[in-house]
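Trainee: Make the full structure from the sequences, and use the hints.
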Amino acid sequence: MGEKADVWQGTLALMVLKTLETMGAQHGYGIARRIEQVSDNQLSLNYGTLYPALLKLEQEGAIASEWGVSENNRKAKFYKLTRAGRKQLEREAKGWEQTKAIVARFLSPAEEA
Amino acid sequence: MKKLRALWMRLGGVFSARQENDEFDAEIASHLQMHIDDNLRAGMPPALARRDALVKLGGVEQTRQAYRERRGLPWLETLGQDLRFGLRVLRKSPGFTTIAVLTLALGIGANTTIFSIVNAVLLNPLPFPRAEQLVVLHERKPNFDHGSISYPNFLDWRQDNHTFSSMATSRGYYFSLTGAGPAEQLDGQFMTSDFFETLQVKPMLGRTFTRAEEQPGAAPVVLISQGLWQRKFGSSPDVLGKGIALEGRAYTIVGVIPASFHFSGGILPSRDVYVPMGQWANPSLTDRASGMGMRGIARLKPGVTIEQANADMERVTRDLELAYPAADKGIGAKLVPLKEQMVGDVRPFLLVLLVAVGLVLLIACVNVASLMLARSTGRMREFAVRTALGASRKRVIRQLLTESLLVAAAAGVLGLGLSVAGTHAGLKLLPEALPRGEEIGMDLHVLLFTMTVSLLAGVVFGWMPALKTSQADPQSALKEGGRGMSGIRHRAQSIFVAAEMAMALVLLIGAGLMLRSLTRLWNVDPGFDPHQVLTFGYTLPPSLLHSSPDAIRAAYHEFEERLTATPGVRAVSQSWGSLPMSDEDDEDMFWMAGQPKPADDSGMNWALTYVVSPDYLKMMKIPLRRGRFFNTHDDMRSPMVAVIDDAFAHKFFPNEDPIGKRIVLKSGAREVEIVGIIGHVKQWGLDTDDTYPLRAELYSPWTQVQDSFVQRAPSGISAVVQFNGSAANASATIRRAIGQMSNEQIIYDMQTMESLISDSLAQQRFVMILLGTFAAVALLLASVGIYGVIAYVAGQRTQEIGVRMALGAQRTDVVRMVLLEGMRPALFGIVVGAVAAIGLTRFLVKMLYGVSPTDPLIFSGLALMLALVAVAACYLPARRAASVDPMQALRAE
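Note that the protein sequences, when read in sequence, are chains A and B.
Remember, the numbering used here sits 13 above the position in the first sequence when you count from 1.
Remember, the numbering used here sits 4 above the position in the second sequence when you count from 1.
I should point out that these hints are in silico values taken from the structure, not numbers from a laboratory.
Treat the hints with caution; some may be incorrect.
What the hints assert, rightly or not - Taking lysine to any residue and the SDA-like style, the derived pairs with C-alpha atoms no more than 20 angstroms apart in a straight line are: (1) A:Lys69 - B:Trp79; (2) B:Lys60 - A:Thr62; (3) A:Lys107 - B:Lys6; (4) B:Lys7 - A:Pro65; (5) A:Lys69 - B:Arg68; (6) A:Lys100 - B:Arg9; (7) B:Lys333 - B:Met608; (8) B:Lys7 - A:Gly108; (9) B:Lys60 - A:Trp109; (10) A:Lys69 - B:Pro186; (11) A:Lys69 - B:Lys333; (12) B:Lys6 - A:Glu71; (13) A:Lys69 - A:Ala97; (14) A:Lys69 - B:Met608; (15) B:Lys7 - A:Leu27; (16) B:Lys6 - A:Gly108; (17) B:Lys7 - A:Ala97; (18) B:Lys6 - A:Arg47; (19) A:Lys69 - B:Gly62; (20) B:Lys60 - A:Asn59; (21) B:Lys60 - A:Arg46; (22) A:Lys88 - B:Ala30; (23) B:Lys6 - A:Glu103; (24) B:Lys60 - A:Ile48; (25) A:Lys93 - B:Lys6; (26) A:Lys69 - B:Glu27; (27) A:Lys69 - B:Ala70; (28) A:Lys113 - B:Met608; (29) A:Lys88 - B:Glu27; (30) B:Lys6 - A:Ala97; (31) B:Lys7 - A:Arg46; (32) A:Lys69 - B:Lys6; (33) A:Lys69 - B:Glu81; (34) B:Lys60 - A:Ser52; (35) B:Lys60 - A:Glu49; (36) A:Lys100 - B:His637; (37) A:Lys100 - A:Leu27; (38) B:Lys6 - A:Glu105; (39) B:Lys60 - A:Glu71; (40) A:Lys88 - B:Glu24.
Mentor: What follows is the structure, encoded as structure tokens:
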């Protein structure tokens with residue numbers, strides 16, 4: 014269970030970072046909705062799990078937060094990517110591509126023959 | 005780096021928890037609000053919009069919890085909770101807390117004290133650079149394994165060895181200082197040039213001696229101590245080149261030795277002045293066969309082991325044996341590492357004390373553990389409720405251990421305070437018993453030790469009650485109101501009682517053996533009566549040094565007569581040679597008259613020599629066996645006479661009458677006639693004299709001492725005085741009387757013979773007092789412990805006892821039952837303790853005198869005493885249990 018959560022946490026962090034890179038500063042709710050949309054609603058995301066992930070990224074210095082006002086005039090806490098966060102995104106995206114390629118090679122039927 | 009930053013932030017989160025909680029609540033609220041807004045816009049009815057938002061979030065409380073766990077460090081927060089809760093619990097039962105903390109503080113304080121001594125004396129390096137290279141040199145000869153070195157031999161050792169980077173020797177000497185205020189006695193040393201270089205001690209001012217200054221006939225120079233520099237020269241920096249008059253001769257000061265230079269406890273006490281060896285006008289200095297009380301100090305070359313040095317010195321001494329067979333036959337070198345020389349004697353003592361004090365701490369731990377266990381029964385419900393509410397077993401154990409550690413930490417702090425106070429008091433009490441005493445104090449090692457011991461103690465006494473308590477099944481605990489666990493509990497408490505008894509008995513037996521051994525020693529007859537006798541060293545005015553032998557003899561006569569005429573003084577005797585029980589010993593070699601002189605020294609016989617006055621025998625109350633002692637007619641004009649002791653007679657005249665026999669003394673080749681036999685006196689100490697190889701004693705009248713010796717004597721010899729009344733009064737009158745004779749005359753080291761004897765037992769007494777104290781503390785703790793356990797167990801069984809009595813049990817039955825319950829583990833513990841003591845007292849053997857380490861009387865007596873104490877401790881609660889009113893007890897149910 015712990016390991017699974019780790020992978021999930023790691024992927025979630027990557028998604029958060031990518032979302033922030035694409036959209037600029039965004040609040041937690043907005044990030045959650047965006048992840049859902051991008052995943053084409055195939056990912057059932059418990060919005061609550063986003064907040065510890067955001068906190069972790071903030072503690073690690075990848076993102077920064079400040080209070081602002083949403084498009085609908087609600088007070089909300091906005092997160093944005095820091096310079097370290099951008100680097101981390103780059104690194105993790107590359108890592109993810111590699112993992113994907115390796116796993117894909119294992120799974121491709123041609124290789125198995 | 006990322007991790008570190010996160011950890012730091014989380015650590016911060018622990019402390020800003022409240023503010024951040026509020027902030028997160030606001031964030032969640034805003035999240036929900038936005039979600040609800042969207043849902044409403046999508047056309048949901050308000051109630052559904054809200055529910056959907058909450059479901060998507062996954063629950064506000066769960067989110068909050070997950071967030072909280074990520075924000076701070078959960079274990080740190082738990083620890084904080086445990087600590088706060090523990091403190092509250094401890095504050096709520098001040099009685100328990102006080103007793104537990106005091107008990108442990110006693111144990112920890114005692115351990116810290118002994119460890120600070122062990123640390124300073126045994127563990128810390130000596131205060132010299134690379135002290136492990138330093139070695140003390142002795143001359144090994146037939147009667148002495150650690151004899152003193154003759155100066156010519158030393159010079160050859162220094163020159164011929166290949167394994168030492170430097171080598172020096174020194175010899176204590178009392179110098180009279182005149183011309184700078186009233187005359188005084190200076191504690192000094194004659195030494196060779198490399199002494200301070202060997203120790204790598206640098207003078208704080210000026211320089212040390214050169215090799216040239218070491219030679220006889222060199223211009224007299226002197227190094228002075230910082231103390232003397234302050235006292236006599238007001239720490240003036242231009243003291244170099246100034247002169248001081250020692251023994252009536254002007255010496256030029258060339259350097260000042262810092263006061264931090266300590267060399268006490270070993271062979272070379274700290275001194276006031278240091279003079280090159282060549283200034284010592286003593287003809288025996290060039291005699292290869294005379295030891296002259298010198299020991300050497302040498303520094304091994306880097307990388308050289310003591311075995312290599314031993315082999316090297318073996319080669320050197322064998323060469324010397326060939327070159328000088330007359331003087332050096334059978335002479336070797338004995339090397340002892342400096343640290344071993346200084347503290348080797350006390351190591352076993354200190355280790356025994358460390359073990360003893362460790363046992364005291366264990367007993368204290370067991371006591372507190374049993375207190376905690378008893379107390380945790382009262383808290384069974386509390387923990388049952390916690391468990392029922394979902395606390396894991398781990399969490400309960402952690403809570404209980406936190407409480408123990410809190411107690412242990414408080415005890416550690418208190419114990420450290422006790423120890424600081426105790427060490428100061430203890431060292432003042434027994435300043436001479438320990439070498440390196442001045443180095444004892446608190447340092448980082450001691451603090452670390454105390455911390456470790458406290459933590460260990462907390463775990464040791466905490467884990468068992470914690471395990472037992474957490475084992476409790478919440479169901480039965482809640483059902484039975486906390487009475488159900490008595491089975492497990494009793495077993496644990498029986499073990500506690502047995503363990504306490506066993507450890508207390510081991511300590512009691514150790515202390516008992518030491519006490520008995522010391523009483524034995526006190527009752528050993530030293531061969532003389534030390535009461536009303538005191539001794540002191542003195543010098544005649546330095547001006548006499550260059551007078552004729554007869555003038556000097558006349559001065560001694562006058563000294564003796566005037567002192568005898570002093571009120572309060574009953575008799576006076578010179579004491580120029582050995583003095584029993586002091587460190588002063590003097591030896592001479594001899595052969596039987598009529599036989600040829602042995603070819604070399606190894607063919608000679610040895611005897612301890614005493615040079616005294618006619619009154620010596622009477623005042624020391626040494627029994628005269630046969631013949632006569634000296635009288636005033638034995639002088640330079642009458643035949644040379646000598647008196648021997650029992651040991652001499654047995655050894656050298658086993659089957660004949662020694663009286664009238666003649667022997668030839670090597671020093672001065674004087675032939676003397678034996679005129680009397682007296683009792684043996686213990687020269688070497690109450691315990692060790694019997695086993696010493698050299699015990700034969702030879703007395704000569706000082707009035708027949710040859711001229712060359714008389715001429716050297718004015719600088720430092722001893723007198724023995726028999727006095728009336730108190731020693732303090734006598735000492736004052738003697739000082740006054742001598743002061744009136746001449747203000748250039750010095751007396752020093754005045755001491756009663758009784759205190760000499762008691763000083764010789766200082767170390768044994770030190771151990772005995774400490775061991776006795778520890779044993780007393782152990783006995784107290786153990787009896788309080790067993791009392792507490794039995795009282796508690798009996799209290800738990802009040803209802804049961806009520807039932808039994810209602811069913812017809814007599815009070816005596818109840819008393820017997822409770823007594824037995826306590827005595828069974830106690831007796832078991834006593835048996836275990838006795839067996840353990842048999843194993844452990846073996847390590848005491850070297851410290852015991854006249855008592856076997858398994859002395860049956862001590863073992864059985866103390867076991868019996870401990871059993872009686874246990875009975876008493878059990879009887880009180882037993883009687884109270886029996887006085888229960890059965891009606892009342894049952895009604896309470």
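Trainee: Go through the numbered hints given earlier and state which of them the structure violates, listing their numbers in rising order.
Mentor: 9, 10, 11, 14, 18, 28, 31, 36 and 39
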